[in-house]
Every structure is written in C-alpha cells, then in structure tokens.
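Each chain, letter by letter, is given below.
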Amino acid sequence: MPPGISTSDFYYILPELVLTAGALVVLIADVLLPRERRSALSWVTLAAVGATLASLLPFTSTHVEVAHGLLAVDRFALFFKIVFLVAAAITVLMSVRYLAIEGASPGEYYFLILCATLGMMVMAGGIDLITIFIGLETMAVSFYILAGFIKPNQRSNEAAVKYFLLGAFSLGILLYGMSLMYGLSGTTNLRVMATSFGAMAGDSRLALAVILVVAGVGFKIAAVPFHMWAPDVYEGAPTPVTAFLSVGSKAASFAMLIRIFVEGLPSASEDWRLLFWVLSIATMTVGNFAAVTQTNVKRMLAYSSIAHAGYVLIGIVAGTSRGITATLVYLMVYSFMQLGAFAVVVMLRRADVVGDELKDFSGLASRNPFAAFAMLLFMLSLGGIPPTAGFMGKFWLFSAAIDAHYYWLALIGVLNSAVSLYYYIRIVVFMYVKKETLGSEPTTSPTLAVVLAVAVAATLVLGVYPQLLFNVAAASARTLGAAGATAALR
Amino acid sequence: MSYYLSIILFTPLAGAFVLLLVNKENENAIRWIANVVAFLGFVVSVPLWFWFDPRGADFQFVERAAWIPSVGAEYFLGVDGLSTLLILLTTLMGTIAVLSSWTAITERVKEYYIFLLVLQTGMLGAFMSLDFLLFFLFWEVMLVPMYFLIGIWGSANRLYSAIKFFLYTLVGSVVMLLGILALYFAYHVQTGVYTFDVTQYQKAGFDAGLQWWVFLAFFLGFAIKVPMFPFHTWLPDAHTDAPTAGSVILAAVLLKMGTYGFLRFSLPILPDASHRFVPMMVVLSIIGIVYGALVALAQKDWKRLVAYSSVSHMALVMLGMFALNPVGITGSIVQQLNHGISTGALFLLVGIVYERRHTREISEYGGLSKVMPVYAAIFLIMTMSSIGLPTLNGFIGEFLILQGVFVADKRWAAFAASGIVLGAAYMLYLYQRTMFGKVENPKNERLLDLDNREFATFAPLLVLAVWIGIYPAPFLRRLESSVQHIVVRVSPQYAAKYAECNPTPTPDRVAASSNPAAKFLAAIPCDANGNPLPEKR
Chain A
1 MPPGISTSDF YYILPELVLT AGALVVLIAD VLLPRERRSA LSWVTLAAVG ATLASLLPFT
61 STHVEVAHGL LAVDRFALFF KIVFLVAAAI TVLMSVRYLA IEGASPGEYY FLILCATLGM
121 MVMAGGIDLI TIFIGLETMA VSFYILAGFI KPNQRSNEAA VKYFLLGAFS LGILLYGMSL
181 MYGLSGTTNL RVMATSFGAM AGDSRLALAV ILVVAGVGFK IAAVPFHMWA PDVYEGAPTP
241 VTAFLSVGSK AASFAMLIRI FVEGLPSASE DWRLLFWVLS IATMTVGNFA AVTQTNVKRM
301 LAYSSIAHAG YVLIGIVAGT SRGITATLVY LMVYSFMQLG AFAVVVMLRR ADVVGDELKD
361 FSGLASRNPF AAFAMLLFML SLGGIPPTAG FMGKFWLFSA AIDAHYYWLA LIGVLNSAVS
421 LYYYIRIVVF MYVKKETLGS EPTTSPTLAV VLAVAVAATL VLGVYPQLLF NVAAASARTL
481 GAAGATAALR
Chain L
1001 MSYYLSIILF TPLAGAFVLL LVNKENENAI RWIANVVAFL GFVVSVPLWF WFDPRGADFQ
1061 FVERAAWIPS VGAEYFLGVD GLSTLLILLT TLMGTIAVLS SWTAITERVK EYYIFLLVLQ
1121 TGMLGAFMSL DFLLFFLFWE VMLVPMYFLI GIWGSANRLY SAIKFFLYTL VGSVVMLLGI
1181 LALYFAYHVQ TGVYTFDVTQ YQKAGFDAGL QWWVFLAFFL GFAIKVPMFP FHTWLPDAHT
1241 DAPTAGSVIL AAVLLKMGTY GFLRFSLPIL PDASHRFVPM MVVLSIIGIV YGALVALAQK
1301 DWKRLVAYSS VSHMALVMLG MFALNPVGIT GSIVQQLNHG ISTGALFLLV GIVYERRHTR
1361 EISEYGGLSK VMPVYAAIFL IMTMSSIGLP TLNGFIGEFL ILQGVFVADK RWAAFAASGI
1421 VLGAAYMLYL YQRTMFGKVE NPKNERLLDL DNREFATFAP LLVLAVWIGI YPAPFLRRLE
1481 SSVQHIVVRV SPQYAAKYAE CNPTPTPDRV AASSNPAAKF LAAIPCDANG NPLPEKR
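Top line first, the protein sequences correspond to chains A and L. Residue numbering for the first sequence follows the numbering used here, starting at 1 and increasing by one per position. Residue numbering for the second sequence follows the numbering used here, starting at 1001 and increasing by one per position.
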C-alpha cells in the first residue's frame, strides 16, 4: 500500500470538508453573536447544509476510492449523503420554534446536528472498518448529547443516559466483531477483505464475526431484539432530535450495514441473510404489535420506526440489486414521511401543551386542517397506502422479496403493514373524528409550514410519479463494489 | 376522444379540488357544486354507452402513457363491455348518492362531498385500469374515503365498523399485491419483459402451480370485497353503520370490485386454477346464498336485512360466474348490475325512513303504505326486482345464472333456486311488516311521503329496472365480446360453439346487419349449446 495521502484525496472529500467548516462556523458564530440574536444560527446551519449539498454536485458520477481505500466516493454514498443532508435541513427547520419554546441554547445544538451529519456521511462512504467506525462514533456521540439536550427535562436526561450506555455496549459488540474480521483477513478494507474471505466460506470464526457485527448493527438500526433503547430514547429526546435520529441515524446505519455485508462479506451471505431474515420478521412483527397499544405518539412512532427497520431489512435479505435499490428507495421515502410526522408533533408542542399524546391530536382537523391533512398523508404513507410514497417504497421491498423467492417474508411483511394501519388510523381517528380539544390553538410557524409543505409534496409526488427516484436509486445500488470489479451483488 | 376515459375518470376529482376552495360555512354552495359535479360526471360518461362498439376491439378508448417505465408500469386505460356497464353504473350511483345526501348530511358537509367525489374517482379508475399496478393504486385509494364516510358520518358503532371494513379489505388487497408481483416476475421469466399490462398477462398462459397460488392470493383480495362467505362479516357492520350514501355506493359499486376482479383478472389470467378452484368457489357460494338468506330472514334491523340480502345475492353472482360457461358469466354480470340497481335502491329506501324516524328497527314501522303511498310503491317495485319477478331486471339475471348453473351441474342449480325462494321470503316478510297493516306506532302517522328530490334519486333506477327487465338486449349485446373474451380463456370448449353462432363480422354480415332486426338477432349471445339466449325463444 503506497504511503501518504495525495492532494486529490482532499478534492474528493470536499463535501465533508465544507460541512466541517460549516460546523465550526456555527460554533464560532455562537460565541460572537449576542445572545438575543443566536436564533440566526439556524440560518447559518442551513447555509452550511446547502453549501454541502452544492459541493456534492461535482461528484454525481464519480466512482473512486480515496485515501488508499478508506473512503469510496460513489453514487451509493452520494444517495445517502443527499438523504442525510435533506433530513438535517428539515430537522433544523423543525428545531427553530422548538428550541425557542424549550429555551435551549441553539449554538451547540446546531453544531452537534452538523457533526452527526458529518458522521453519517463518513459512514455511507466508508469502505474500511476504521473509517466506518470513526463515522459511527462521530454520529453516535453527537446523538448522545442531543438526546439529553433539554437539560431540565428528566425524560430527556434519562433518554441520553440510556442511549449512551446501550450505545456504548453495542459499539463494543460491533467492535469485537470487526476485530475478528480484521484478525481473520489481516485487513480493515472491506473490498480486500471480501477477496480473502472468499476461501473461508463456512468457517465458524467468520460466522461468529458475522453474528457479532449483525448484533452491533442491529442495535443501531433498532432491530428486534436489540431495540429496547429506541422507545425510551425516542420519547425522551427533543422531538426534532428524535426525528433526525429515527431517519438519519437509521439510514446511515443501513448504509454501513450494506457496506459491511454486501461489500465485505459476500462469501458469508448465506449466514447473514438467514440472520437478517429472522431479524426482519421479528422486527416488523414486534414493532407493529407493540405500537398498537401505545398512547404516546412519539413512542408509537418509535415502535413504528422499529417496524420500518424490519421492512427495510427485507431488501437486505433479498440481497439482489433489486433489494438494495428497494432499500434505498424506501429509506428516501421513509425520511420524508417520518420527518413530516414528527414535524406535526413538533407543531403541537406549544407553551402550554407537550403535544405528543394521542389526545393532543384530537380535533386537529377542525383546528388546523392543513396539518391534519399532512398527518393523514404521512400516516397513510407509513402504512403503505397508495397514492403515497410509502406505497412505492413497499412495492419495491415486496417485489424484491418475491423476486428473490422469499415468499413467506413478503407475506409476513404485507400482513404487518395491514396491522400497522390499525395504529396509524388511530391517530387519524383522533384528528378527524374526535371533537374535544385541548390547550391553545396549534399553529404552524413559517419554518414548520415549509417542512410540512416539503414533506407533503415529496410524499405525494414520489407516490404518484416515482420514476426519477427509482432510476437514481437503481443507478446508486449498481455502484456498490469497486469500479470495474464484478458487482458485489448477486 | 383519445382522452375520453381520463375525462370521465378525473371529473369527480376535479370537482373535489373545486370544493376544497369553497368556504366550509357556505354549505348550500357546497351541496350545489357537489351535485353539479356528480351529475356532470354522469353526463360525460353517457356517450360511453353509445360510442362503445360491441363488435369492435376487445378494449376501446385505450389510453397508454409511460408512468414508471423502470418497472414497466403504464398509465393504461381501456374499457370493454363489462367495464363500460360498470362505469355507467358507478357514475349513475355516484350522482344518486350525492343527491340523496342533501338533507341527510348536516355536519362537515364539505369534507363529506370531497370524500364522496374522491371515492368516485377511485372506483372509476379501478374499472378502467388495464395496468395491474394502476388498478391496485385505484383499488387502495377507495379505502380511505370510504373509511371516513363510515367513520365520521356513520351511526352508533361507526368507528368499529369503519376499521373493520378497512382492515379486512386491506389484508385482502395486500395479499393480492403479492399475487400481482408473482405474476409480474413470472411474466418476466417467460418473456424477458417487465410489464403490468393485464392484456398481456391474459395471453401468457402461466404455469399451473403458480396459477394455483396466485389464484388464492387474488381470491383473498376479491372474495373479501364481494364478500363471499366466510369473509362477509365486515359487510353487515359496515352497511348498517354507514350513512345512506355510503351504503348505496358500497352495495352498488364497491362490492362489484370483487366480482369485477374475478372476471377481469382471475378467470382470464388463471384459467387452470379457476377450474381447479370451482368446487371451493361453488361450495362457498352456495353457503353464502343459503346462509345469507337465512340470516336475512332473522334480522330485526331493516338495513342489516338488506345487507345480508346482499351477501346472498352476491353469492348467486359468484355461483353464476363459476359455472364457467357463457350463459352463467353473462348472467353473473347482468345480475351485478341488477344488484347495484335494486340493492342500491333498497338502501336509499331505508335511508329515507331513517332520516325521518332515526331508527332502523323493523318493529318500529308498519302500515307505511297508508302514509307514504309513493314510497311504498317504489319499495314494492324494488322488492320485486330484488326477488326476480319477471318483467323486472332481477328476473333476467337470475334466469341466466340459473340456466348457466344448470348446464354445469343440476344440484348447484337446486341450491341457487332455493336461495331465490328464500329471497322472496325475507323480502316479502320485510315488506309485509313495514308497509302493510295498520299504522300502530303514532310516530309513523305523520311521516312525509317522498319529495321531488327523493323521487329523483329513484327515477333512474326504476327506469333501469324496467328496461333491463323488458328489453335487456342492448345490455347483453355490450357484454357479448367481454364474455366471449373470458370464455375463450377459461372454457375454450364453449368458445368454439360460440364462434360458430357468432361469427366475426364479415363485410356482407355487416351489410346484412344494417337491418335492425338482423342486427338484433346477430347480437344475441348463444348459450352453452350454441342456442340463442332465452329471451328470444
């Protein structure tokens, strides 16, 4: 391996550099701005995210490995980076009023949001266990702090501690699995590893490594039985953080999962497919059935987000290029509907109402028809009813399962999505049928209105005319693996 | 002309958008707009009756445009005789449903009409789509507005009934989606093409083992919608608790989605499996006929009685269909229309007394023919239509079904006939309890008879009931090629006979058929034995 890093490597990590610079600017501006003008930091943060998005432009069809195989700059990474940045931007827009109501200081908050985004971007690009781990830690540490950001709130503190302890524990397991992979192959680069594992199929030490890594990744995507932290953390964390956690962190963990298993462990694919098959069924079933009984909407969305991890795993189990495409499509549409749903919860947070209980949604249709309609759309989309984006996502996942002959998995998946409608519809019932209303009039702020409008538009457009998304996702999935090498997918 | 179907399809949706812009306080304007839009929707669909050429191509007014090319899904619309008639039924019943709601709905009027109009577009889309994914999209779109119609404007137990309807139908349809996907990939294996084009699937000839599984998947989706025993339990609840217009649409159109699905997809795409499942389908249908009728006989709730009569009638439709011969299938389709007309009218009738008295208990009524003579007369005609009295529409459908079933198996026909007898029993018993006798309940003494608006909702149904009963030929003629199309796929042995008695039009035949009588003769479908159908004997 030739030593040193060339200047061209810095060109390829331009987006990451821009984002880092943006995060530092936010931190410095926080010190320089007078206290009463610190809410302007949200615009600085948005500008940083926008600049990062713009700096992705030169790399739309790049397919290289940089820094001697530490990072890949390809369309797969690009797709995820767009998901992260859009999610970050929406989160920032959601946070403006929320932070003002909670009275939290915006400086560190936005800095940590950007740091978490940076970590995610590194995870999506990482093709080396070291890079992936660094990205993961950057993201995770940021989220530990963000989860406990509302200091006077006990639930928030509890969430942070719980998340930190279980997160550290799961990282340990993941790291142990990674160290086994390194020990068995003598390299940390996933693509080199794939070749050296080629001769080791069926080795029990490799199987142990796979199991440990699956468990570690399972924690991150909140797959059953590693999901215990999710409901408490989601409920306790500040709502915009919950939204970002359930979308960004989840998508990044899936990116990492795909990199590790599809790129690094194709020879053990029978093992991890089986494991993910079990995890997928357990995750969607437990997630959905647990969600049915919830009365707190954030907690319900937490369980629903667990269930959605189970659906997305269907694409991984299929393991075909159709399956990976399905995963990408789903994560993209999921971001919009999930963020949109949380935006409505944020909207219901008023000075006098916490706004995350089911009864807080009561009568919303008459008080704020647009927000109620948006929530209706997000719920239908999460449940997979056309003509919403969620249906198109599920269509891809189930078609990937059928294509790869996982009929039972597909059947359990569709039945689960029928179960999920039961609790999604409950929110709709509260909004549209119940009449008693609580607290002051819920109103949208301009930034929240933008979030809702964007999420509604995306959910509808991707549901009615998803062609562009399908093409981009399929093209992105095809770039997995080294350029010119045989495809990593079967 | 080439956008004709799209215009029919999107007129109600456009109306819903217009309604969005109207201030919700302005309820009368909303009512007027909704009625005008619904009527307009019907008016634009009427030319379909005249422009549809019974001797033309299998699918007419075809519109094709790329929708999601990467998965092979298209915006692909087209109609044959079967869908033409169902579309006309939908636009007519939609208009009637909207008109019937004028005084019944006083709360959240704007949302109500928006949901009704969106529902209308969903139903029309499902009948027009020739792309399976597009069909599925419309099929699912119908669920949400119907859920709201029951859940918001329904009676006592509405939330329970609404969610039951929603989840039942949803489970069926998601399993159906898996069936669609299985066909999609099997077709790709066969031809190397990814497409959801139903007309291609109909020609494909899928592997028998695959057909078996896909039939089951489709069965779950369609049988729940029909609904067939034992999946019918959502129907009495949904019907009982739905507002009148909801019941009317549900009975007249939504249930037809299930039978339409069998006719359009299951039979032609999965002919082998259709034959293998005949015993199951027939047994379930017979149970449905008898069980539905017996339960209807025992009902104390007027609306629930009509709902169970629906179970029985739709089971008869299914039995006729699974005779798998031309007569049975023709009868099955005609009976679908009849059921839409007569049961739709029966629900309207219940709705009218419910609006006046706010009870559906049959024992609360009695002697209404004295206070509401016009109402009683219409009710009588619709009762007769429902039980299949000759000269009314029900007779034609039931006769054809019985004939088709008789050819297939005489024992089945015996059960079917028993259902018709029981049907007469529960309907006449209902009529006797509510209309005849003395007015014993003082609350009934001052009931108002139908006003003009209410009468207007029945007028077209009365005309249709008599028209189909006396001169069904124009309907049968439009169905002929559809039926033939299905039969060619599912029972080729009949198709040969069929071709013999209905040769494809040659120039001299077309010339001969300019003579109206010859045209009429030539248009008459043949029965299983190659004989002309009964009404010409």
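Some hints could be false.
Unchecked claim - Per the computed footprint, the stretches of chain A lying under chain L, defined by three or more beta-carbons under 8 Å from a beta-carbon of chain L, are:
1) 307-318
2) 341-353
3) 429-443
4) 470-478
The set of hints was computed from the structure by calculation and includes no laboratory data. Think of the CB as a built atom: it goes at the ideal place given N, C-alpha and C, for glycine as much as any other residue.
Evaluated hints:
1. Under a criterion of three residues with beta carbons nearer than 8 Å to beta carbons of chain L, the stated coverage of the segment 307-318 of chain A fails, only 0 such residues being counted.
2. Beta-carbon proximity to chain L at under 8 Å applies to 0 residues in the segment 341-353 of chain A; the threshold of 3 is not reached and the given coverage is violated.
3. For the segment 429-443 of chain A, the stated coverage by chain L is satisfied: 3 residues place a CB nearer than 8 Å to a CB of that chain, which reaches the threshold of 3.
4. For the segment 470-478 of chain A, the stated coverage by chain L holds: 3 residues have a C-beta nearer than 8 Å to a C-beta of that chain, and at least 3 were required.
The structure is inconsistent with the numbered hints 1 and 2, although it conforms to all the rest.
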